[in-house]
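**Q** One line per chain: the protein sequences are B and W, in this order. For what it's worth, our numbering labels the leading residue of the first sequence as 1, then goes sequentially. For what it's worth, our numbering labels the leading residue of the second sequence as 1001, then goes sequentially.
It is possible that some hints are incorrect.
To be verified - The following label-pair restraints were derived from C-beta to C-beta distances:
1) W:1097 / B:14: 15 to 23 angstroms
2) W:1040 / B:61: 13 to 21 angstroms
3) B:69 / W:1073: 53 to 61 angstroms
Stated by the list, open to error - Covered stretches of chain W, going by a simulated chain B footprint (3 or more residues, C-beta under 8 angstroms):
4) 1048 to 1062
5) 1079 to 1086
6) 1144 to 1152
Keep in mind that the hints were calculated from the coordinates and are not lab data. Idealized CB from N, CA, C, for every residue including glycine.
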Amino acid sequence: MKLTVDQVRHVAHLARLALEPEELERFREQLSAILEYAEVLQELDTQAIPATAMVVPLENVMRPDQAGPSLPREEVLANAPQREQDCFRVRAILD
Amino acid sequence: MEYEPIIGLETHAQLLTESKMFCRCRADYAAAPPNTLVCPVCLGLPGVLPVINRRAVEYTVMTALALNCSFPEHAKFDRKNYHYPDLPKGYQISQYDLPLSQNGWLAVDSPGGPKRIRIRRVHLEEDTAKLFHVANQGETYSLIDFNRAGVPLMEIVTEHDFASVDEVRQYIIKLRAILRYLGVCSGDMETGAMRFEANISLRPKGSDKYGTKVEVKNLNSFRAVLKSLQYEMDRQARLLEAGGQVKQETMGWDDAGNVTVVQRSKEEADDYRYFPEPDLPPLVLSREWIESLRARLPELPDAKRQRLVAQYGITPYDAGILTGEKALAEYFEACAARHPNAKAVANWITRDLLQLLNSTNTTIEACPVTPDSLAQMLKLLDDGVISSKLAKTVFEEMFKAGKGPEEIVAAQGLIQISDASQIESIVEEVMATNPRAVADFRAGKEQALTFLVGQVMKATRGRASPALANEILRRKL
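Full structure from sequences and hints, please.
**A** Structure below.
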């Protein structure tokens, strides 16, 4: 499957990546090659096989509803780009 | 042209669990200082493993049972990816194609009789962080408190079955009552424990086509839901009337301005790239588990209302008010067990008591008048010890002072005067000071009697038996 430049641009935007025009073309080729490789799987007849979201044979892994300690606030905020009033401070966000 | 709306509603309800959805941080963040209920799991740090909170699943199943839903064999969690700083992980754990439950209904009254609003799904996800938008000396920025991130959030989605704003109103009231009866959500809209999103389109009345729908987000109060829907109906009708077209958009409700404003156009379609959450194995709800949760369901508002009508002979209207809160219905039943006249009990609760509770912002749980006291007061009233007029005063005093009726009646000398000779002398005084009214009555004006009875009541501070005063006045006149 050949991707279009627009598709590459869209995926880059979703990942918040800024790509140069030549990168768009380079990644278009590389990503297309990866998809083509994966296309091999489409040759298999999977009609009789149920969709599988999880291959590990586990189900109903739950915990009792009991609260425990949280992190000290200094650790929570340790990687904050900026902080103010014990909150993470980020650029203005428009709803 | 006349238009009719087609409305669908999404409700988000925070669950009253002790811990968060996938980690052990405390879920009740109301009083917590910012960023103190956060851990590596809800921050989405590399290498952590979320684990499902069993109680959150149980609460969701109980809600789904109360909403007549069915349960798919498998349910799973998915990652919903989007960029917004309220998500520490860059994705929200939600449920996409295999929700915990689906295909239920909740009945409302419509002009054509009872109507089922179909529930498409009830699923479980995690709440997001709280953002504060700051404008400070020309600088604008946002502050984030992650305490709310990861709190269990149940989402209840209806089909587009509402044909009026009033049906939405009824649905919200009923849904909130059910959640509170189940004890799974506080239903408190001011704190954001219950929030809504709606979608609405218009079509010519009687048509079977669908118009273009608009989503309305940011509905954090009952009032906001009803007002925004009414606003959108009017806006879309005006647009269509003028020959225009409704655009498919996401609007936000501006509570201060009482308008909906465009948030984003649908051209930038959501691209959430859902995929199965690899850290959470699927859920398989066994018959036994579901049935054991069904056994834990309390009597729900609709059933309780019907039972109160049948058992106590009260009106469906009163029963509806009494069953709005489980504790209120229990209070009523406690009183009705102590007094033979359930209708009188219902009247006093739905009028006088609720008014006092509301005006003093008191919950029924903290009601200073015990069921015993209310029953005693009604007995004093039945026995003619106090007049119905005085009963109101006594009741207010009982509420204020938290004392029994007998104590108040004795302390304030409020016992009804049923001694004819005592009333007779008062009647004579009243007639002497109101010659005009006496003359009017004798000239055939019946209302003059009401006035004179009122004067007798006033002279006795309401203690005279009105029936006796009436009788003596007529005789003397």
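**Q** Now, for every hint given, state plainly whether the structure supports it.
**A** Going down the list of hints, with the structure as the test:
For the pair residue 1097 of chain W and residue 14 of chain B, the beta carbons lie near 20 angstroms from each other, so the given range of 15 to 23 angstroms is met. In this structure, residue 1040 of chain W and residue 61 of chain B meet the distance hint of 13 to 21 angstroms, their C-beta atoms being roughly 19 angstroms apart. At roughly 37 angstroms, the beta-carbon separation of residue 69 of chain B and residue 1073 of chain W lies outside the given 53 to 61 angstroms, and the hint is violated. Here's how the segment 1048 to 1062 of chain W fares: 7 of its residues keep a CB closer than 8 angstroms to some CB of chain B, so the rule of at least three is met and the hint holds.
Coverage of the segment 1079 to 1086 of chain W by chain B holds. Counting CB-CB distances below 8 angstroms, 4 residues qualify, and the rule asks for three or more. Three residues within the 8 angstroms Cβ limit are the bar, and the segment 1144 to 1152 of chain W against chain B gives 3, so the coverage statement holds.
In summary, the structure is inconsistent with hint 3 from the numbered list given earlier, while agreeing with all the others.
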